[in-house]
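Note that the protein sequences, when read in sequence, are chains X and B. Just so we're aligned, residue 79 is where the first sequence starts under my numbering, counting upward by one. Just so we're aligned, residue 71 is where the second sequence starts under my numbering, counting upward by one.
No wet-lab data here; the hints were simulated from the structure. These numbers were taken from a predicted model, which means no experiment stands behind them. No false leads were slipped in.
Derived coverage of chain X by chain B (criterion: at least 3 residues anywhere in the stretch with Cβ under 8 Å from a Cβ of chain B; other residues may be distant):
(1) 86–92
(2) 149–157
(3) 203–211
Cβ coordinates follow ideal geometry from the N, Cα and C atoms, glycine included.
As a plain string of letters, each chain reads:
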Amino acid sequence: MVTTVVHCHPVADSFARAVTDTVIDSVIDRGARHHVIDLYADGFDPRRPDPTVVAEHRELLASTGLLILVYPTWWSAQPAMLQGWFDSVWARSETDAGSFASISRVIVCTTHGSPKWLNALEGESGKRTVSRYLRSRCAKRCRFTWISLYGMDGIDHETRRAHLGKVSRAIRRFVGR
Amino acid sequence: MLVIADDRDAHMATLAEDVCRVLTRRAVSVECIGLNGFEPAMSERERRAYESDTPICDDAVATSADAVRRADSLVFVCPTLSNGLSAPVKGWLDRVLVPGVAFLLDERTGRVRPALGHISTLGLIAVDDRSALRRWLEHDNARRVIFRALRLVCGLKTRTRSLRVTTAVLDREADLAVALQRMTRW
Numbered sequence: 079m080v081t082t083v084v085h086c087h088p089v090a091d092s093f094a095r096a097v098t099d100t101v102i103d104s105v106i107d108r109g110a111r112h113h114v115i116d117l118y119a120d121g122f123d124p125r126r127p128d129p130t131v132v133a134e135h136r137e138l139l140a141s142t143g144l145l146i147l148v149y150p151t152w153w154s155a156q157p158a159m160l161q162g163w164f165d166s167v168w169a170r171s172e173t174d175a176g177s178f179a180s181i182s183r184v185i186v187c188t189t190h191g192s193p194k195w196l197n198a199l200e201g202e203s204g205k206r207t208v209s210r211y212l213r214s215r216c217a218k219r220c221r222f223t224w225i226s227l228y229g230m231d232g233i234d235h236e237t238r239r240a241h242l243g244k245v246s247r248a249i250r251r252f253v254g255r
Numbered sequence: 071m072l073v074i075a076d077d078r079d080a081h082m083a084t085l086a087e088d089v090c091r092v093l094t095r096r097a098v099s100v101e102c103i104g105l106n107g108f109e110p111a112m113s114e115r116e117r118r119a120y121e122s123d124t125p126i127c128d129d130a131v132a133t134s135a136d137a138v139r140r141a142d143s144l145v146f147v148c149p150t151l152s153n154g155l156s157a158p159v160k161g162w163l164d165r166v167l168v169p170g171v172a173f174l175l176d177e178r179t180g181r182v183r184p185a186l187g188h189i190s191t192l193g194l195i196a197v198d199d200r201s202a203l204r205r206w207l208e209h210d211n212a213r214r215v216i217f218r219a220l221r222l223v224c225g226l227k228t229r230t231r232s233l234r235v236t237t238a239v240l241d242r243e244a245d246l247a248v249a250l251q252r253m254t255r256w
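Whenever a hint applies, use it, and build me the whole structure from the sequences.
What follows is the structure in C-alpha cells.
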C-alpha cells in the first residue's frame with residue numbers, strides 16, 4: 079500500500095514545510111512507498127482544477143493506504159487551496175463509486191495560531207471535515223489521527239522542535255503496519 | 071449589506087442576482103462581490119505580509135476589505151461541495167479578513183481583538199443537497215466557520231441567519247422565489 083502525503087502551504091520555508099519534511103523522512107525510514115502532492119508547488123487551481131490532474135489524484139488515492147494531510151488551519155478550517163482540492167477530488171458525484179476504500183487511516187498534521195480553547199469554541203470545523211466527511215469516503219473502519227500544534231503565535235523554538243519529534247514518532251508508529 | 075457570492079456557474083450567478091434583488095426590495099443598500107474571478111489561494115507574498123502593517127497586497131482584496139469596513143451585514147452565498155464553504159468563499163475569508171480588517175493583534179499581550187463590531191447580521195445562503203441525516207452525521211462546517219469562527223470577531227449583538235436551498239429548488243423559479251422570501255425576516 080502507498081502512503082500519500084498532501085502538503086498545502088504557500089511559503090517554502092514555513093513550519094508546515096518542516097512538518098512535511100519530517101513526515102517524508104519518517105515514511106522513507108520505514109521503507110514505505112510514498113507519493114507527495116504539493117498543491118502550491120504543483121500549481122493546483124482550486125477554482126477550476128484541470129480534469130486530468132483531478133483524475134490523476136483520484137487514481138493515486140484509489141491505491142493509497144495511508145493518507146497524511148499537512149496544512150495550517152486558517153479561520154478554523156483548511157486553507158482555500160486544500161478546500162478546492164477536497165471540492166474537486168473528494169466531492170461526491172453521480173458517476174463515481176463514491177469512495178477511496180483502500181484508505182485505512184487518515185493522519186492530519188496541522189497548526190493553529192490560536193489556543194486550543196478558542197478552537198473548541200469555534201467548533202473545529204477543519205477537524206470535522208476530515209474526521210466526518212473525508213473519512214466517510216474511505217474504508218469502512220478507517221482510523222483518524224489528529225496531530226495539532228495549538229497557539230503557534232506564542233510558542234518558542236524548543237516547543238516547535240518537540241512537535242516535530244512528536245510527528246516523527248506518530249508517523250513511524252503507523253507507517254508500514 | 072455586503073453579499074459575497076461564489077458565482078462560478080450559471081445557477082449560482084442567478085441565485086446571487088436573486089438574493090441581491092430581494093434584499094434591494096427591502097430598501098437596503100446592497101453591494102455584491104462575485105468571486106468568479108477572485109483567486110482563492112493565499113499567495114506566498116500575502117502569507118509573508120500577514121502579520122506586517124500592510125497585509126493586503128492585491129487590488130481585488132483591498133476593494134473587498136474596504137467594502138467590509140463600510141458594510142453593516144455580511145451575507146455569504148455558496149454551494150456546499152465537500153461539507154464546508156466552497157474554495158472561493160473560504161479563500162475570500164483567508165485573504166480579505168486579515169489583521170486590521172477583521173481583528174486586531176495586540177502586540178503587547180499577543181491577544182486578538184475583534185474588529186467587526188459594526189456587523190449586525192451574518193447570513194449564509196448555502197446550496198446543499200445533503201439529507202438531514204447526512205448533514206447531522208458530517209456536521210455542517212460552513213455554518214460553523216461563519217456562525218462560530220467569524221461570529222467571534224463580530225459584536226455581541228450580531229445576529230446569525232441562514233437559508234438552505236437545494237439544486238432542485240434552484241431549477242424552479244417559483245420555488246426559489248418562495249425560499250428567498252424567508253430573507254425578508256432577516
